[in-house]
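Enquirer: Residue strings, one per chain:
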Amino acid sequence: MESVIEVRGLNKSYKLPSETIDVLKDVNLAVEKDRIYFIKGLSGSGKSTLLRILGAIDTDYSGEIFFDGKNIKKLNKREISLMRQKMIGFVFQDFHLLGKLSALENVVLPALFADRHYKSIRERAQWLLGRLGLEGVASHSVNKLSRGEKQRVAFARALINSPSVVLCDEPTASLDEKNTQILFDLVGELRAEKPFTLIVVVHAVKLKPDYIVRVQDKKVEVTCEV
Amino acid sequence: MKFRNFVRAFSFWNRGHWSSFFYSSIMLIISTSLVFLFLSLGFGIKSALAKIFSSSLTSGQILVSPAVNRVGFFTVEKKSSSLLDYDAALRILEIEGVVAIDSQLFCAVPASLSGHVPGIQGTYYTDVTIEGVDSSYIDDPVARLHFKRSFYDSTARILPVVISSSLLNLYNAGLAPANRLPGITPEAVIGFEANLEVGRSSITEESLPPRLFRVKLVGLSSNLSLLALGVPTEFVREANSYYHPDKPQQYSSVIVTVESPSAVSKVVEEIEKMGFEARTDSELVKRTSTFLRLVTFGITAFSLIIVISSLTSTVYTISRQISERSGQIGVLRALGASPSDLTKIFSFQVFSIAFADLLLGYTFGFVLSFALEYYIKLFLPSIYVLTGGVITFPIILLLIILLALSIIPSVTAYFIYVRTVGRNLPELLSE
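The listed protein sequences correspond, in order, to chains D and E. First residue of the first sequence: -3, per this note's numbering; consecutive thereafter. First residue of the second sequence: 744, per this note's numbering; consecutive thereafter.
Okay, chain E solo, but in the shape it has when bound (with noise of 0.2 Å):
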C-alpha cells in the first residue's frame, strides 16, 4: 500500500470518529503534562539537593574527626573519643598509603563577629567558634592562595575567612525567606567584611585583653563546621597559645589525602581503630543519592502509572470503536483491504493519537514547569538562589520516553488488532 494512500485511507477512516477520543485524549494530555512536570521537579529538586549536601572531598580523601553522636545539626562529642591532637595527626600521617593531612584546628578562644549585613540598616553581633583550617578546606583554588595571616600581624592587615556553604544554604532556605531578607549567592558573599574580636563573646571572656580584627571573606568550605569561622591555621595556633599557653592544640577535624582511592578503605579500617570517626566523599554521596533515587523514583514511578493508564485507555477506545465498527471492517476487507493493511491503520492511529496527545502533554509540561520556576524566582528567591533553580529538564530522557510511551501501545495495539481484524469475514460483516 502507497504511503500516500496510507494517509487518505486512514484520514478517510477515522472521518468523524476523532471525537470518540476525546476523554481518553485529554486525560492523556493532563496525565503526560504531569509527568513532565514531576520528571523535571524530580531531578531539579535532586540536583538541588545534591548540591546542599555535596561534599568538596575528592575520591581519595577521608574526613576524620573525634567520635561524636549526631542530633540533627548538633553534634555531642562521645565520652569514649579520642583527642584529635597533634600527636593523633602524626599518628594518622604514618598509616600507610596516607600522603598529606590538612587539619582544621579547634581555637579554645572565645570570639563575636559584628558588622552591617549589606543593603540593610543596623548592624549585627554573633559570638563565633574559630576553626584553623588549611587550604585544602577551602572550595575556590584561588582563595587558597591568600589565606595566610599570623595572630601578632598588624591588626591593620585584613584576616581572611572562610564559612561553611551549608550555613549559606541555611540562610538562603530558611533565615532570608522567615525575615523577608534577600537571598544571597556564593559569588556575592565573598568579600564581604566584619569585625572579629578574639578573646571575647557574650558570656565569656579570658583574662588577657581581647584583639580586634577586620575580617574578609575569601571563601567557602564543603568540609568546615556548619557554625564555625575558618581562618588560618596558624593564626588559631597563635591565639591559642597566646591566651592558654598551657593548653594541648586540639582539632576539630583533619582531612587525610591517601595515595590511591583504592587505598581508603583500608586507611578509614585504620583510622576507626584509632577512635575517631571517619568520612569519605563516597559515603556521603551514597546517603544523600540513595534518598534522592528513592524520592525521584517514587515520582516517577507514580507519573508513569497515571500515562500508562491513560494509553491504556486510549487502547481501550479503539479497540471498541473497532468492535464497534467491525461490519464496515468487513466491508473494507471484502472490497480488498488486507486483515494487514487495516490493522497497520488502527495501530498508527494509536500511534498518531498517543504521539500528538503525549507532545500536547509534554508542551503544557513545560509550561506548568516554567510557570512553577517563575513563581518561585519571583516569590522564594532565595530557595531559587539556594538550589540555582529547582527545575530541570532531562531532554534526553523525556524523549526517550515520549518515544517508548508512543510504541509501546502502538505495538500492543496491533498484537490486539491482528486478531480483532483477521476474524472470519461472514462474521464480521454480520455484525
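Here chain D stands alone, though its shape is the one from the complex (with noise of 0.2 Å):
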C-alpha cells in the first residue's frame, strides 16, 4: 500500500528551564494513503505532538518525516506553507474559528491564500457545507451556531482546499456520542466521494477505523483494525 506520510527514527523532546523531557523516541510510522488512523494515549503521552509533527506544524525534531515523498525538514517556509496549503487539512480540538465571520468566509478564508479563483473557492465552500448539513447556516456568524456545527464548520474549512490528508486533534471531545456519530458518517460520506487520509486524536470514540496508533511510553504501536 502507498504511504502518504513516513517517519523515520522521529525523537521528540521539549527543553525546559531546568530539565529536558523527552515525548516521542525512536518512532517509525508509515501512513497509508486514504486510510483512517486513530492516534488513543493517555493524556500527557504526545498524541497531540505526534499530530502537530505528521501535519508538518512542529518541525523541531530529530528525525525524518516524509510527506508525499518529501523530507519535510528540507523545505522552507514557504514550502511548508504551499505543502499545507495544498495537502493538509486540520482540525482544532477548539476549532479556531474567526467569531466576527459568517460559516461560508470562515471556510473560505484559508483557500483565499491559494492561487484559485473566488468564484471556485466559494462553490466548494457551498458545497461543503450543504454535504456537512450546514447550507442553512452559511450565512451565519459563527459565533451563533452550536458546538456541533462549529466542528462542522472546522470540518469543511479543513477539506476546502481538498487535501490528501486531514488531521483533527480529538475533534469530538466536546460532542455528545449522537454527534460525534453524525460527524464521522458525513466525514466518511466526503471521503466515499473523494478519498483522503484521515488522522485523529480521539480518547474515546466507539467508532472503528482502519489503524490504531497506540502512542505509550513515547513509543507508537499500531495495529490494524480492517
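Warning: the hint list may mix true and false statements.
Said to hold, decoys possible - Cross-link-like lysine-lysine pairs, in silico, DSS-like; alpha carbons within 25 Å at most:
1) D/K146 with D/K204
2) D/K96 with D/K115
3) E/K1087 with D/K96
4) D/K66 with D/K29
5) D/K190 with D/K204
6) D/K190 with D/K146
7) D/K69 with D/K29
8) D/K82 with E/K745
9) D/K190 with D/K82
10) E/K1087 with D/K115
11) D/K29 with D/K70
12) E/K1087 with D/K82
13) E/K990 with D/K73
14) D/K70 with D/K11
15) D/K29 with D/K190
16) D/K204 with D/K174
17) D/K73 with E/K1016
18) D/K29 with D/K115
19) D/K21 with D/K214
20) D/K146 with D/K115
21) D/K115 with E/K745
22) D/K96 with D/K29
23) D/K82 with D/K21
24) D/K96 with E/K745
Said to hold, decoys possible - Examples of chain D residues toward chain E, derived with CB under 7 Å:
25) N67
26) L71
27) R74
28) Q81
29) K96
30) L97
31) E101
32) L105
33) L108
34) Y114
35) K115
36) G184
As the list claims (entries may be wrong) - So, partial list: chain D residues that the calculated Cβ filter (under 10 Å) puts toward chain E:
37) A52
38) I76
39) L78
40) I84
What the hints contain is simulated information worked out from the structure, not anything from laboratory work. Predicted model, so just to flag it, every value in this text is computed and none were measured. Even for Gly, the Cβ is constructed at its ideal location relative to N, Cα and C.
Fit chain to chain and form the complex, with the hints in mind.
Expert: Set out below in C-alpha cells:
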C-alpha cells in the first residue's frame, strides 16, 4: 500500500529551563494513503505532539518525516506553507474559527491564500457546507452556531483545499455520542466521494478506524483494525 | 496570492476589529489636519512676508546710502558718515564695474501734503519729506516713462509722485485695521491725487513764498525711504537751488548698477571704503529668508512630530492586535497562509489606515485653512489686501508628505510583522 507519510527515527523532546522532557523516542511509522487512523493514548502521552509533527506544524524534532515523498526538514517556510495549503487539512480541538465571520467566510478564508479563483472557492465552500448539513446556517455568524455545527464548519474549512491528509485533534471531545456519529458519517460520505487520509486524535470513540496508533512510553504501536 | 483574494482576506481578517483603531485614527486625523493647516499657513506667511520685505533691486544692483544707525523704522545718520553728494556719486561711478547710477536726491525744502482720502469724509494734512528719484526707484516700468516734471513748469501741470510700497504695507497692516479703515491694494492707490505745498510745513517755513502743486500717485517704490514722497529728480534739484542756492545737493541714496552680479561684492567693498552703507538684494533676501526659513522649519518640525507619534500609535495598535490574535494567526498559518502573505496583509492594513486617516486629515486641514482664509478676508480685510492671502497650498510638497507618511509606517510595520508572524507555529497556536 502506498504511504502518504513516512516517519523514520523520530525523536521529540521539550526543553524546559531545568530539564529536558522526552516525548517521543525513535518513532517509526508509515501512514497509508486514504486510510483512517486513530491516535490513542493517555493524556500527556504525546498524541497531539505526534499529530502536529505529522501535519508539519511542529518541525522542531530529530529524525526524518517524508510527506508525499518530500523530507519536511529540507523544505523552507514558503514550501511548508504551500504543502499545508495544498495537501493538509487541520481541525483543532477548539475549532479556532473567526467569530466575527459567517460559517461560509470561515470556510473560504484559508483557500484565499491559494492561487484559486474566488468563485470556485465559494462554490466548493457552499458544497462542503451543504454536504455537512450546514447550508441553512452558511451566512450565520459562527458565534451563533452550536458546538456540533462549529465542529462541522471546522471540518469544512479543513477540506476546502481538497487536502490528501486531514488531521483532527480530538474533534469529538465536546460532542455527545450521537453528534460524534453524525460527524463521522458525514466525513465518511465525503471520503467516499473523494478519498483522503484521516488521522484523528481520540480519547474514547466507539467508531472503528482502519488503524489505531497507540502512543505509550514515548513509542508508538500501530494495530490494524480492518 | 491573487489581488482579489488578498482584498477579501484583508477584509475578513479585519471584520469587527476596525474599532480598535478608533483612537489612533482620530489622533492621526487631527494631527494631519493641523500639519496641513500649519504648513499652508507657514508657507502663506512666508510668501506674505517675502512680499512685504521684497526689494526691486536686481542681482546686479547695490543700494548706497550714508552710513546710518537703525532703530526700528527710524534711521539716524552716523556722525562719521561721508556726504553723499554729486562728487561722491561721480567717484562711485568711476569704480571699476559700475555701469550706471540712479539717485535719490534729498530735498532740503519743507513740504506738506493735503487732500481727501477717497470714500472717507474729511480732509487730511501731513508734513512730508520730498526725495528726487530716478526711474530705477519706480517698480512699474510704464510709470517710469511719465516720471518727469520741472519745478518751474506751470502749476497746472500734474506732478507725478511715488510712495514707498512699505508705507502702503504699514497702512494696511497697522493704520487701517486700528482705525477701521478699508485696506488699499497697490492697484487702487495708483491715480490717487493730492495737493503738495513746497516751501512750508507745520513746523518751518522758507523765506521765499511757498508754491502749491497738484500731485498724482503714479507708482510704488520698494527702495524709497519709508516716509518720503518720491518726485522727479530735476524737480528737487531745482527746488533746492530755488530756496537754497548756496547749499550743496545731497543724495539720500543712490542705486548703483554694476556690469555683472559677480562684480557686486568688489564694488560693495569699494563703496564701503568710501564711508557709505551698501546693501544688495541678496543681503535683503538672505536676511528675511533666514528668519522665514526658521519659522517654517519650526512649525513643520513640530507638526511632523505630532503626525509621526500618531503613526507610531497606529503601528503600535496593529502590533498589539497581532499579539492578541496570535492564536488566530497560528490557525491561518496551519491552514496554509504563509508568513509573507500575512505580513503583506498587516502592512497593507497599516498603509490603508494611515492613507485614509491622512487623506481625511488633509480634507479637514483644507477646510480649516479655507475657513481661516475666509475669516481673515472677512474680519481683517486690510491684512488680506496686504498679503494677498495668508494661506498657500504647496500641493506637491503636501502630496509627497502624504505618500511618505503612508509608506514609512507600512515599511516599518512590515519589518515588525515579519518577526511576529514568522514565529514558531506551535508557539503561536498555544497563545
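Enquirer: Interface hint check: D/L97, Cβ to nearest Cβ on chain E, cutoff 7 Å. Holds or violated?
Expert: holds (6 Å)
Enquirer: Given D/A52 as an interface hint, is its Cβ closer than 10 Å to any Cβ of chain E?
Expert: holds (9 Å)
Enquirer: Are the Cα atoms of D/K29 and D/K70 separated by 25 Å or less?
Expert: Measuring from Cα to Cα gives roughly 22 Å; hence the hint holds.
Enquirer: Would the stated hint for D/G184 survive a check requiring a Cβ distance to chain E of less than 7 Å?
Expert: Nearest chain E Cβ about 23 Å off; hint violated.
Enquirer: Measure nothing beyond the straight line between the CA atoms of D/K204 and D/K174; if it is 25 Å or shorter, mark the hint as holding.
Expert: holds (15 Å)
Enquirer: Given the hint that D/K146 pairs with D/K204, test it: the Cα-Cα distance must not exceed 25 Å.
Expert: holds (24 Å)
Enquirer: Within 25 Å, alpha carbon to alpha carbon, are D/K190 and D/K82?
Expert: This hinted pair holds, its Cα atoms lying about 15 Å apart.
Enquirer: Per the CB criterion, is D/L78 less than 10 Å away from chain E?
Expert: holds (7 Å)
Enquirer: Tell me if the interface restraint on D/I76 is satisfied: Cβ within less than 10 Å of some Cβ in chain E.
Expert: holds (9 Å)
Enquirer: For the restraint on D/Y114, tell me whether the closest CB of chain E is nearer than 7 Å.
Expert: With Cβ-Cβ at 6 Å, under 7 Å, it holds.
Enquirer: Check whether the Cα positions of D/K73 and E/K1016 lie no farther apart than 25 Å.
Expert: violated (79 Å)
Enquirer: Quickly compare the C-alpha distance for D/K190 and D/K204 to 25 Å and report which way the hint goes.
Expert: Holds - the C-alpha atoms of D/K204 and D/K190 are around 20 Å apart, at most 25 Å.
Consistency with the previously given hints fails for numbers 13, 17, 18, 22, 23, 25, 26, 35 and 36, ordered from lowest to highest.
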